[in-house]
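Visitor: Sequence:
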Amino acid sequence: MDEVFKALADGSRRRLLDSLNARNGQSLRELCAGLDMARQSVSKHLAVLEAAGLVTTVWQGRQKLHYLNPVPIHQIAERWIRQYERGHMVALAHLKHSLEGTVMSKPEFVYVTYIQATAEELYQALTDPEFIKVYMGNTGPQSDWQVGSPVLWKSQPDGEFEDLDQRVLEAEPGKRLSYTWHTLQPMHRELFDSDEEFEEARKERSRVTFDIEPAEVPELGVKLTITHDGFDSPDSKMLESVSGGWVMILSGLKTVLEGGTWLSERQGVER
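If you count the sequence shown from 1, you need to add 431 to reach our numbering.
In case anyone wonders, no lab produced these hints; they're calculated from the structure. Any given hint might turn out to be false.
Below are the DMTMM-like pairs computed for lysine to aspartate or glutamate, each with C-alpha atoms no more than 25 angstroms apart in a straight line [to be verified]:
| hint | residue 1 | residue 2 |
| --- | --- | --- |
| 1 | K564 | E671 |
| 2 | K634 | E647 |
| 3 | K606 | E552 |
| 4 | K654 | E689 |
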């Protein structure tokens, strides 16, 4: 957290984060073009932001793309903002977002967090139903996690697991898990102006991938990168709906594995 505060203390680095917030997934050249900063300065600032976990990078071919990673900022909010204030602040943030019309221009989200656990424990937390229902509030996926198997999904705590046509794409214990994402559901109809628009949007399919690897610094445990991509457009309603949800899920997952207060609710799950 000290590194995050130090990184945010510099105005130039905040400008870089603002640039990525406005348009995620930029190359170094694109970032330099959008800011009145030398390439060497931008590279140095990005290195500090990456070290603090505020920026993560993904290679697409020979191009290195930079993504804003909101997880550390969310963890600061979890620690420093009292719970009774959080609802009001979230509502104000949503209002500001709506009035300003800020839209991510790249249809892909990449989040990174570091968890003090083993790769095997983290993979278990992503696939074991007893773990999942703790940090996802008795909702979430269920599967045998074999390639090609269905991923059933429970949307409400008192609901049932449903087959929403999600399938496991990759499953390497301790390394990687990927599955297709469900389409928009009837509950999302109110987001559209017409039935025709809603039915067209329901054709969109996407995927979510969890990559597990050793942290660059062993003391940090393991590095978890979650990528949700495959959206049709930057203004995808599904993209909008999952963008905040994954940050909350990752925060809960980290808390469970690192032995926080949620562990008292694990219902007998053993690490």
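Visitor: Run the structure past the numbered hints and jot down the numbers of the failing ones, going up.
Guide: 2
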